[in-house]
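Student: Sequence:
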Amino acid sequence: MTHSDKAALRGEPSYVWRAGQERRLAMIRSWSATDGPILDNGCGPGVYLKAFAPYSRARFGLEIEHDRAFEALPNAEGISEGVGEFLPFADNVFDLVLSNEVIEHVVDDQLYLSEMVRVTRPGGRIVIFCPNRWYPVEQHGIYVRGTYHFGNKWLVNYLPNGLRNQLAPHVRTYTRAGLRRLYADLPVYEVHHSRIFGGYDNIAARRPRFGRILKRILYSAEQSPLNVLGLSHFLVLEKL
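Numbered as in the numbering used here, the sequence shown ends at 241 without a single skipped number.
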């Protein structure tokens, strides 16, 4: 499988730590405990596991890609190689289970979420970031007549489901109602849901002043009805 094939099928994880990742870490810490056992379900090379190091010694990851799992090893107490639908952990283990832009790539998203609930202790929390259907740009590229076209594609997610899924069969996007259906029958309740915009760190690096203005505008929009256009859902669930 080529690098572009992997990128299409599984997305690109966070490789470096920048303002966007720091902002998400602050959100995670504001809504969940980070001083106990933590699982990053789809940890990539382990940048979030490394970021949790000042708070928890019990950091574990699961990753499907061998090279990424190997790279994550120094950042955790243990890394397992496998898929998120079948977690190699006992029931009721973790205080926090994180899924950062992963659930949209798995084969069975409902089973994936069910497994995260299973391994979370009662009172523990599950934190999910995943693509919002109404963000104007599909960031995972599209397929046209069997050929993958990498890059941002405007308004793809506004197409009817049948056509949208022909162009982007490799990745899901979610409405709030669609997310809620995934955990409707699971022993959890919704602690928090919001839609957030991205870090836009590349823009800020190239054009710092414009980047600061853009972030100020979009982060303010998160507190308004315009948040329906946000990049990602930020969902926090607590296990009963």
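Since the hints were made in silico from the structure, they are not lab data. Here a beta-carbon is modelled for each residue, glycine too, at the ideal position from N, C-alpha and C. Accuracy of the hints is not assured; some may be wrong.
[Stated by the list, open to error] Okay, derived cross-link-like pairs now, DMTMM-like style, lysine to aspartate or glutamate, Cα gap no bigger than 25 Å in a straight line:
| no. | residue 1 | residue 2 |
| --- | --- | --- |
| 1 | Lys51 | Asp68 |
| 2 | Lys216 | Asp68 |
| 3 | Lys154 | Asp92 |
| 4 | Lys216 | Glu72 |
| 5 | Lys51 | Asp36 |
| 6 | Lys154 | Asp96 |
| 7 | Lys216 | Glu239 |
| 8 | Lys51 | Glu72 |
[Claimed, not checked] Derived CB-CB ranges, DEER-like:
| no. | residue 1 | residue 2 | range |
| --- | --- | --- | --- |
| 9 | Ser221 | Thr176 | 34 to 40 Å |
| 10 | Pro161 | Arg58 | 27 to 33 Å |
| 11 | Lys51 | Asn93 | 21 to 27 Å |
| 12 | Arg182 | Pro161 | 33 to 39 Å |
| 13 | Asp186 | Glu13 | 28 to 34 Å |
| 14 | Asn166 | Ala206 | 29 to 35 Å |
| 15 | Glu13 | Arg122 | 20 to 26 Å |
| 16 | Pro188 | Gly163 | 17 to 23 Å |
| 17 | Arg122 | Ala206 | 18 to 24 Å |
| 18 | Ala54 | Pro161 | 27 to 33 Å |
Student: All the hints need checking, so say for each whether the structure fits it.
Tutor: Verification of the supplied hints:
{"no.": "1", "hint": "Lys51 <-> Asp68", "in the structure": "holds, 17 Å"}
{"no.": "2", "hint": "Lys216 <-> Asp68", "in the structure": "violated, 33 Å"}
{"no.": "3", "hint": "Lys154 <-> Asp92", "in the structure": "violated, 40 Å"}
{"no.": "4", "hint": "Lys216 <-> Glu72", "in the structure": "violated, 31 Å"}
{"no.": "5", "hint": "Lys51 <-> Asp36", "in the structure": "holds, 13 Å"}
{"no.": "6", "hint": "Lys154 <-> Asp96", "in the structure": "violated, 37 Å"}
{"no.": "7", "hint": "Lys216 <-> Glu239", "in the structure": "violated, 30 Å"}
{"no.": "8", "hint": "Lys51 <-> Glu72", "in the structure": "holds, 11 Å"}
{"no.": "9", "hint": "Ser221 <-> Thr176: 34 to 40 Å", "in the structure": "violated, 23 Å"}
{"no.": "10", "hint": "Pro161 <-> Arg58: 27 to 33 Å", "in the structure": "violated, 49 Å"}
{"no.": "11", "hint": "Lys51 <-> Asn93: 21 to 27 Å", "in the structure": "holds, 26 Å"}
{"no.": "12", "hint": "Arg182 <-> Pro161: 33 to 39 Å", "in the structure": "violated, 19 Å"}
{"no.": "13", "hint": "Asp186 <-> Glu13: 28 to 34 Å", "in the structure": "holds, 32 Å"}
{"no.": "14", "hint": "Asn166 <-> Ala206: 29 to 35 Å", "in the structure": "holds, 34 Å"}
{"no.": "15", "hint": "Glu13 <-> Arg122: 20 to 26 Å", "in the structure": "violated, 31 Å"}
{"no.": "16", "hint": "Pro188 <-> Gly163: 17 to 23 Å", "in the structure": "violated, 34 Å"}
{"no.": "17", "hint": "Arg122 <-> Ala206: 18 to 24 Å", "in the structure": "violated, 40 Å"}
{"no.": "18", "hint": "Ala54 <-> Pro161: 27 to 33 Å", "in the structure": "violated, 45 Å"}
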